[in-house]
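Colleague: Starting from the known structure of chain G, arrange chain D on it as the hints suggest.
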Amino acid sequence: MSADIILVIVVATALAFDFTNGFHDTANVVAASISTRAMPPRVAVIFAAIFNFIGAFLSLKVAATIGNDIVDSAAITMTVVFAGLIGAIAWNLATWYLGLPSSSSHALIGGLVGAAFAADGASVISGEGLLGKVIIPGLVAPVLAFVVAGMAIITAYVIVRRRRPGHVNRGYRLGQWLSSGLLALSHGTNDAQKTMGIITLALVAHGNISPNHFYVPDWVVVTSATAIALGTWIGGWRIIRTMGSRIINMDPAQGFSAQGAGASVILAASHAGYPLSTTHVISGSVMGAGAAKRISAVRWGVAGNIAVAWVLTLPAAALIGGVVYGVTEIFGASSALGPVIVSGAILLGSAVLFLRRAAGQGGLEATA
Amino acid sequence: MILAEIINWNAAWQAVWTAAVGGVGVTVVFSLAVYGVTRTADMRREDRPAQAAVYGAVALVAVGATLAAVVYAITLITTK
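If you read the sequences in order, they're chains G and D.
No gaps in the numbering here: position 161 of the first sequence is 161 in my numbering, and each next residue is one more.
No gaps in the numbering here: position 19 of the second sequence is 387 in my numbering, and each next residue is one more.
One chain only, chain G, in its complex shape:
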């Protein structure tokens, strides 16, 4: 009975995490299409949500990496998965409140590794998988996206340099329907699979799936796809309301190149089973497309934020994951009481942070 309750809590928490992932990342996926006026904002958001949903069905290799290659799935308990998720959510909440950069993907992996370490020691963590499939691909991918987008926009400018800008812009705006769909598709396939991997890991721990025959059940794929698509859709309305304040300046050719390069890197990585930070990749490609035109267009602050996020997120989420595991253990390894209390605490903490943030913004608006 306790195990069933923990499983329900883990699945619900994982889907909530997936929803917030879509919610946060809508801006990355639709910004280029909206800023170049390739799509009206409402259409861009709906378009992204639909392609996020479809993308989640494309591949399961990233899910297999999360479930199989980072920690030993046979040694993982549901409490470990729960603690890992809470570690990721708590870190994301803290960084959101403090305005620090973070990566949901790195937080998720860090939380899982930290909780597994606290539970069973270093022996259940695959250093090989962590380094070879997460850390190194994660470091290389944004740089690759930067270079690919830069090369793409330079060749594009060479090809169309003597053409009328009005006609050229119309052409690339049309092309952005394709590149934007591809980017949303790639985002859906890489990010939704991380949640699928986590839920499947919990199902292995619960005994529903054998660790020797790892597979992702259909209902996990469908619910994860739905959660990320809903998050994208609902997150989009927030972006539409704040439009114009944080939008990237780029021409349609740059938008097409950035989206195409970002999608290409994420799809290639998903095919290889690498769980990337899609935010970092898309930021890299946007900067690459900007730098190729004008080096001062590079937002070094964003690049710095990515570096800070890299240094902080994995260890911090791991630490929180480990601590959360320790707290839940106080109530007994197989007891549902620990996860219930921790879930309640995180919900309460979230509500307090949201209210304090809202009050702070209200104060700022009042003084402005």
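Read the hints as simulated data drawn from the structure, not as lab findings.
Check each hint, because a few of them may be wrong.
[Unchecked claim] Listed next, the in silico SDA-like pairs over lysine to any residue satisfying Cα-Cα at most 25 angstroms (straight line):
1) G:K293 / G:P165
2) G:K293 / D:V396
3) G:K293 / D:V384
4) G:K293 / G:N305
5) G:K293 / D:V389
6) G:K293 / D:V397
7) G:K293 / G:G304
8) G:K293 / G:L174
9) G:K293 / G:I306
10) G:K293 / G:T155
11) G:K293 / D:G393
12) G:K293 / G:I154
13) G:K293 / G:H167
14) G:K293 / D:A388
15) G:K293 / G:V143
16) G:K293 / G:N249
17) G:K293 / G:R173
18) G:K293 / D:W385
19) G:K293 / G:Y157
20) G:K293 / G:R162
21) G:K293 / G:L178
22) G:K293 / G:M39
23) G:K293 / D:R407
24) G:K293 / G:M151
[Unchecked claim] A few chain D residues that face chain G, going by a derived Cβ cut-off under 8 angstroms, partial list only:
25) Q382
26) V392
27) V405
[To be verified] If you want the footprint, here are the derived chain G segments under chain D, 3+ residues with CB under 8 angstroms:
28) 133-145
29) 162-168
30) 171-181
31) 249-261
Note that the structure is a prediction, hence the values are computed from the model and not measured.
Positions of the beta carbon are idealized from the N, C-alpha and C atoms, including for glycine.
Modeller: Relative to chain G, chain D alone:
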């Protein structure tokens, strides 16, 4: 030495070159489509139908290549 053992270089290299070729390739062929369409319009305006047809064909082939590249990428990721 340790890195060489940990990383599956074959898979990593494949991901890197696929991303590079895909990202740059799609932009190049689509740019050729934009070029073809704009040149076709220019040629029509200048009343040069033969050149307009050639540039129109370039645009058509380039659009086809762009769509084919996208379909191929999706097929690859779903089937392998």
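Colleague: Can you give the numbers of the hints that this structure goes against, from lowest to highest?
Modeller: none
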